[in-house]
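Colleague: The primary structure of each chain is shown beneath.
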Amino acid sequence: MGNNKNKNTKLSVQRFFAVIFIMLTSFAGIAFLGRLTEPVNNQDAFSTIDAFHELPDNSLDIITFGSSHMWKGLNAVKMQETCGKKVYNYGANWQRINTTNLFIRDAFRTQMPKLVIIDTFFACEILENTDMNGELQYTRRITGLPYKLRYLKQCFGTDPERWLSYYMPLCAYHDRWKQIEEISFTRPLQTELFRKNQGYCRVDDINPVEYDDHRWKQDSFVESSVNELDNIVEICSVHGAKVLFVTIPLAYNFAFSDAMREFARSHDCVYVDLNDYRGEIGLDPESDFTDEDHLNVSGAEKVGIFLDNMK
Amino acid sequence: MLFNSVEFIIFFPIVVGIYFLVPNKIKKYWLLLSSYYFYMCWNLKYILLILASTLITYFSGILIEKSVKSGRTGWKKAIVAISLISNLLILAVFKYFNFFGSVLQAGLSLFKFQITFPRLDLLLPVGISFYTFQALSYTLDVYRGQAAEKNPVDYALFVSFFPQLVAGPIERSSNLLPQFKKESKFDYDCFREGFFLMLWGYFLKIVIADRIALFVNTVYDGYETYTGFYLIVATLLFAVQIYCDFCGYSTIALGAALILGIRLTDNFHSPYLSATVADFWRRWHVTLGSWFKDNLYVPLGGNRKGSFRKMMNVMTVFLVSGLWHGASLSYVIWGGINGLYQVIGELLSPIRQKIRNELKINVKKNIFRMAKIFVTFLLVDFSWIFFRSDNTGMAVRIIKSVFMADNFQIFFDGSILQCGLDGWDFLLLSVCILILVFSDYCKQKNIVVRKMIISRNYWFRCLFITCAVCAILLFGKWGPSFDNADFIYFQF
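Protein sequences, first through last, are from chains U and F.
Just so you know, we're using this note's numbering here: the first sequence kicks off at 1 and counts up by one.
Just so you know, we're using this note's numbering here: the second sequence kicks off at 312 and counts up by one.
Misleading hints may appear alongside valid ones.
Each pair of labels, with its calculated beta carbon distance range [unchecked claim]:
1) F:Asp-532 <-> U:Arg-140: 30 to 40 Å
2) F:Val-759 <-> U:Leu-11: 18 to 28 Å
3) U:Asn-8 <-> F:Asn-757: 24 to 34 Å
Hints listed in this document are in silico derivations from the structure and should not be mistaken for laboratory results.
Note that beta-carbon positions come from the ideal geometry of N, C-alpha and C, so glycine has one too.
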């Protein structure tokens, strides 16, 4: 009888460890497959965020934020050379205004810049009520920020599957099993390159554009955008940083420049629509653009010099 | 909440965990509460319908037993009639009111009476056909002499037990009620077997059924564009989809119940390996077939009143079964076709026997059996056209397109890969369908594949389960960017 009891106890212990083992290996498998199926086109965004986090604390004087328009459109190294101040271009693809808010708060954890320059292309758009996408994917690199919970609530609401897809990539990306390739395993980062370029995403392609100077019907911001902009101005003020809103030059005009001017005026900050200064910047539509929305390395250099001269 | 949702993946372990932690006396209250919560996640108000059905049939059972003891057989019949009428009335109002209204309207217009019947804008309560039939089967069983259930909690749990509440299996009280009365302790073997069943169910549903749904929905929703061979492929795949969808749900239900220590009835016995349509219906949705046999076919006389009466009874059962599936003429026609197959099969049986004798066909040969299985599959699949179509007109146009198919080139010019599934999906589906056929073949031969796996060594089992979980999550159709397909049978 004693033997039977020992056997049963041993069996129960074995079974318990079997369940734990299976759970652990399953979680490991899920994590591995999640990493394998994640899209590979955000490596640059991951690199710039990692490079920023590796900077020494309080080592920056100027930080720029915004979507790819800023990220590709302002050469931080050139600006740094010209003005003698430490500059970092903390932009990333698609950065809507609430994602910019997240990046700014992340930046203030370790840096105390005197000036924050924000591109306004997506000032009119909030990332909300959405499934997992590329923009949310790279925000996973920003960890330990209490504000992030508010940001994710804004994006996902109360949908448990969306929340799960953020923390368990396999949930979001399992359908990409058909796109697994060699780079899915290696996922090379270019942290060193982005550190060297001070976050700037260099584009060498030249694609001539034609300026479309037709003045678009000016639109006004929705309340949620204004709230985010308010929040940004407030957080910068709390950290003693001046705010400069800019619209990085495009091949066409910006439909929210009047709204931005009004906001800047009412909040005692500065807004400059650089589309009005294409000539002064010295932009050449034949050689300074990579497409209608983005400047190449030549155009980005000119913008960097112009902004320094403007101050 | 759907079985293939995050909410259920959170809900179920909590229910199981607390179930095995609370004292035995509390267990059924906890299960009942969980079941009602499960149902209320669909629609809060409709819990009143299930409560109404529970109360009516519970008291009917007690009153029937009392009337038998007091020798009042007239009362007994009246009570059964009240129970049947009130439950079927609820079903009729919520499910069939608009259908009967439109049929009556159409019928009267043939006689030049133009009357507009009012339409009710009521959301169909999930699972109403299932729990209504389950509750009615209890009433009829008590009428036939089974002891009535006195414990209201046990009875309420019988009607509302969440694994089988919304899409079956339709359980008999003699199977389920005794299990609720037994002392329930955690059983590792049941847990393991239940887990394997749930894994298999999720494989069928989210890897196979939901994947096929992408193609079938694209083609059937655009059937005027996707003609001929598109529709043939979609119809063939729909046969697999509906099987995997319904069997997947039932298997998850079986597994979930088994983890809780409750054994439900297996609803599917390799139906597509049937050699005749009659055999198919003995293997497909077994519990519904059994319900109709005991409560409609046999009371109508069954096969005891001659061949003609038998055929009429078969047709009646299948027409009613079609109606049970949906308030639409196309469902009734679907049921009727399946009934007709069996009637014609019975009528032609002597002729088929004569042909086999003349041609000296050895019926025991595998090739003959495979041919019969293939023909049965085609006949059943043809009837699925009416089941899947939105209405009869659409079904007729699809059938016409199928028989006039002349666009064979879609298999060579890549067009077939533009309907929701690409080459990789079709390759994966082929592998999955082979696994399904193998599993069904083993089941037919009474080989239980999960027992074979369980009998292997510890490391093999651990590796198998890990790989199965990862494969289902990797290849399954789920997640926020995928619109979860409801289980098809939820709409009934």
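Colleague: Evaluate each hint against the coordinates.
Modeller: Against the structure, the hints come out as follows:
| no. | hint | verdict |
| --- | --- | --- |
| 1 | F:Asp-532 <-> U:Arg-140: 30 to 40 Å | holds (36 Å) |
| 2 | F:Val-759 <-> U:Leu-11: 18 to 28 Å | holds (22 Å) |
| 3 | U:Asn-8 <-> F:Asn-757: 24 to 34 Å | holds (31 Å) |
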